[in-house]
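For the sequence shown, the residue numbers in the numbering used here are 272 to 420.
Note that these hints are calculated values from the structure, not bench results.
Any given hint could turn out to be false.
Calculated pairs, EDC-like style, for lysine to aspartate or glutamate (alpha carbon to alpha carbon, straight line, at most 16 Å) [claimed, not checked]:
#: 1; residue 1: 372; residue 2: 332
#: 2; residue 1: 288; residue 2: 342
#: 3; residue 1: 361; residue 2: 342
#: 4; residue 1: 348; residue 2: 292
#: 5; residue 1: 398; residue 2: 412
#: 6; residue 1: 418; residue 2: 364
#: 7; residue 1: 302; residue 2: 341
#: 8; residue 1: 402; residue 2: 412
#: 9; residue 1: 386; residue 2: 412
#: 10; residue 1: 302; residue 2: 292
#: 11; residue 1: 418; residue 2: 369
#: 12; residue 1: 356; residue 2: 319
#: 13; residue 1: 352; residue 2: 322
#: 14; residue 1: 360; residue 2: 342
#: 15; residue 1: 375; residue 2: 332
#: 16; residue 1: 361; residue 2: 341
#: 17; residue 1: 274; residue 2: 322
#: 18; residue 1: 302; residue 2: 342
#: 19; residue 1: 307; residue 2: 342
#: 20; residue 1: 307; residue 2: 341
#: 21; residue 1: 386; residue 2: 411
#: 22; residue 1: 347; residue 2: 322
#: 23; residue 1: 368; residue 2: 332
#: 24; residue 1: 288; residue 2: 322
#: 25; residue 1: 373; residue 2: 332
#: 26; residue 1: 281; residue 2: 319
#: 27; residue 1: 404; residue 2: 382
#: 28; residue 1: 347; residue 2: 292
#: 29; residue 1: 393; residue 2: 382
#: 30; residue 1: 352; residue 2: 319
#: 31; residue 1: 402; residue 2: 382
#: 32; residue 1: 274; residue 2: 319
#: 33; residue 1: 405; residue 2: 382
In this text, all values refer to a predicted model and were calculated from it rather than measured experimentally.
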Amino acid sequence: MIKVTLTQRKHISATTKILFEAYYSSVNSAKNYLNKKIKTNESFVALDNNDVVGVLIYARDYSHYANYTEDLAVSKKHRRKGIAKALLKKYIEISRKETPKKQKYALSSTDVSNKASISLHKKIGFKEIGKLKKLHYGKDEVFFAYKLR
272 MIKVTLTQRK HISATTKILF EAYYSSVNSA KNYLNKKIKT NESFVALDNN
322 DVVGVLIYAR DYSHYANYTE DLAVSKKHRR KGIAKALLKK YIEISRKETP
372 KKQKYALSST DVSNKASISL HKKIGFKEIG KLKKLHYGKD EVFFAYKLR
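Using the sequences provided together with the hints, build the complete structure.
And the structure:
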């Protein structure tokens, strides 16, 4: 059974591997960023029998008090098992608690070529709100909003 919990220091090694595999150009940059987010409680891990199999990092109060997902990654051998869905649902739950009542949305984005992520966001209830061309490393990004209230 998958358990989603705040990232702790004991999760750093496994979580850094997943982040490096998915996004980061170096293990050190992934580890340094993760350490910052652990200090501010802006990172969750998905655990399968206490093994880290996924991670979601977000920015609290990113814009107009809305939270924003920065990184969502699942280890390659654990994909298509509902782990990203569990992480996004936890993000929505936390965003409902953290954001002021006047903020109605939680934000997220993904690479326009990541069809699985786009499909998952829509399935959970995120609405596409726009695209930015060449945002990350020359790749286009699609943005989503989830109505919290």
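Consistency of the hints with the structure:
1. Between residue 372 and residue 332 the alpha-carbon distance is near 13 Å, which keeps this suggested pair within the 16 Å criterion.
2. With a C-alpha separation of about 13 Å, the suggested pairing of residue 288 with residue 342 holds against the 16 Å cut-off.
3. Of the pairs offered as hints, the one joining residue 361 and residue 342 holds, with about 14 Å between alpha carbons and a cut-off of 16 Å not exceeded.
4. Proximity of residue 348 to residue 292 is assessed by CA-CA distance (about 12 Å); at most 16 Å being required, the pair is judged to hold.
5. Taken as a hint, the residue 398 and residue 412 pair is honoured in the structure, with Cα atoms around 14 Å apart against an allowance of 16 Å.
6. With a C-alpha separation of about 12 Å, the suggested pairing of residue 418 with residue 364 holds against the 16 Å cut-off.
7. Using a Cα cut-off of 16 Å, the hinted pair residue 302 and residue 341 holds, with the two alpha carbons roughly 15 Å apart.
8. Between residue 402 and residue 412 the alpha-carbon distance is near 6 Å, which keeps this suggested pair within the 16 Å criterion.
9. For the hint pairing residue 386 with residue 412, the CA-to-CA distance comes to about 12 Å; that is within 16 Å, so the pair holds.
10. As the CA atoms of residue 302 and residue 292 are separated by approximately 12 Å, the hinted pair is consistent with the 16 Å bound.
11. Between residue 418 and residue 369 the CA atoms are separated by roughly 14 Å; this keeps the pair inside 16 Å, and the hint holds.
12. Distance restraint check for residue 356 and residue 319: the Cα-Cα separation of roughly 14 Å lies within the 16 Å cut-off, and the hinted pair is therefore satisfied.
13. Our distance criterion of 16 Å between C-alpha atoms is met by residue 352 and residue 322, whose separation comes to about 15 Å.
14. Of the pairs offered as hints, the one joining residue 360 and residue 342 holds, with about 14 Å between alpha carbons and a cut-off of 16 Å not exceeded.
15. For a cut-off of 16 Å, the pair hint linking residue 375 to residue 332 stands: about 12 Å separates their Cα positions.
16. In summary, the hint linking residue 361 to residue 341 is supported, as the alpha carbons are separated by about 14 Å, within the 16 Å threshold.
17. Among the hinted pairs, residue 274 with residue 322 is consistent with the structure: their alpha-carbon atoms are about 10 Å apart, no more than 16 Å.
18. Taking the CA atoms of residue 302 and residue 342, the gap is near 13 Å; set against the 16 Å cutoff, the hint holds.
19. Restraint check: the Cα-Cα separation between residue 307 and residue 342 comes to about 14 Å, which is no more than 16 Å; the hinted pair holds.
20. For the hint linking residue 307 to residue 341, the alpha-carbon distance of about 13 Å falls within 16 Å, and the restraint holds.
21. Between residue 386 and residue 411, the direct Cα distance comes to roughly 13 Å. Compliance with the 16 Å bound is thereby established for this hinted pair.
22. With a C-alpha separation of about 14 Å, the suggested pair residue 347 and residue 322 falls inside the 16 Å cut-off, and the hint holds.
23. As the CA atoms of residue 368 and residue 332 are separated by approximately 12 Å, the hinted pair is consistent with the 16 Å bound.
24. Restraint check for residue 288 and residue 322: satisfied, since their Cα atoms lie roughly 12 Å apart, inside the 16 Å limit.
25. With a C-alpha separation of about 13 Å, the suggested pairing of residue 373 with residue 332 holds against the 16 Å cut-off.
26. Proposed proximity of residue 281 and residue 319 is supported: the alpha carbons are some 15 Å apart, at most 16 Å.
27. Taking the CA atoms of residue 404 and residue 382, the gap is near 10 Å; set against the 16 Å cutoff, the hint holds.
28. A threshold of 16 Å between alpha carbons decides the hint, and for residue 347 with residue 292 the separation of about 8 Å falls inside it, so the pair holds.
29. A C-alpha spacing of about 14 Å is found between residue 393 and residue 382, which places the hinted pair at or below 16 Å, so the restraint holds.
30. Distance check on the hinted pair: residue 352 and residue 319 sit about 11 Å apart at the alpha-carbon level, within 16 Å; holds.
31. Pair hint residue 402 plus residue 382 holds up; C-alpha atoms about 9 Å apart against a cutoff of 16 Å.
32. For the hint linking residue 274 to residue 319, the alpha-carbon distance of about 7 Å falls within 16 Å, and the restraint holds.
33. Distance hint between residue 405 and residue 382 is fulfilled; the C-alpha atoms sit about 10 Å from each other, no more than 16 Å.
Taken one by one, the earlier hints all hold for this structure without exception.
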